[in-house]
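S.K.: Here the protein sequences come in this chain order: E and F. The opening position of the first sequence corresponds to residue 2 in my numbering, with each subsequent residue numbered one higher. The opening position of the second sequence corresponds to residue 8 in my numbering, with each subsequent residue numbered one higher.
Among the hints, a few may not be true.
Unchecked claim - Calculated pairs, DSS-like style, for lysine-lysine (alpha carbon to alpha carbon, straight line, at most 27 Å):
no., chain 1, residue 1, chain 2, residue 2
1, E, K50, F, K24
2, E, K69, E, K50
3, E, K102, F, K64
4, F, K24, F, K64
Bear in mind the hints are in silico, worked out from the structure with no lab data behind them.
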Amino acid sequence: AQSVTQPDIHITVSEGASLELRCNYSYGATPYLFWYVQSPGQGLQLLLKYFSGDTLVQGIKGFEAEFKRSQSSFNLRKPSVHWSDAAEYFCAVARSYNTDKLIFGTGTRLQVFP
Amino acid sequence: GAGVSQSPSNKVTEKGKDVELRCDPISGHTALYWYRQSLGQGLEFLIYFQGNSAPDKSGLPSDRFSAERTGGSVSTLTIQRTQQEDSAVYLCASSPRTSGGVRDTQYFGPGTRLTVL
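Can you build the whole structure from these sequences, using the hints too?
M.R.: Below, the structure written as structure tokens:
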């Protein structure tokens, strides 16, 4: 069965520091990968997605993610974190783009110190 | 335009009571999803509606859970005889279903936090 692992439950960084949030998936074929952000009191917002092509994907708010098939990973990165980036981040996978079901990881809570 | 809205934002109920949670999708979105977010868990898919097709109920955890979508718009998730393990945030999402499947972005509401005492 498909699964998504986000090994870091909670990460704390200083404002201006770089960020990398880890995501590993378990699935035999090429999955379709997503990162969502959930700010306090808000619904989830799509940051970026990977379906095919260039393995480095650019998203909104200055985020990017890189698909690495050899490592079954889709880590989210940002070169310089802003205080407003404090939120919970979810990685998700779909087994094909024709499915309607997303399988989500358990999330990583990001705290940003000034 | 307006995003996905959900009501109530918070609901506290006693064990054994029935609850109804409401979702208003973005106007024109034909696909509607319900997810459950429990403490320390990821989002768990519950049910999916697409147009007039039969809903995909494969994620509903028990027969105490049901959902309907009236007129292809508003949806209600009903939990009968609530249990403490039903305490969670229930999220609704809608998508325009222009390309099909996960190619269409799902837009999420703010959720309803359900607490069962």
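S.K.: A separate judgement is required for each hint: does it hold in the structure or not?
M.R.: Outcome of the hint check:
1. K50/E x K24/F: violated, 40 Å
2. K69/E x K50/E: holds, 14 Å
3. K102/E x K64/F: Measuring from Cα to Cα gives roughly 11 Å; hence the hint holds.
4. K24/F x K64/F: holds, 22 Å
Violated hint: 1 only; the structure is consistent with all others.
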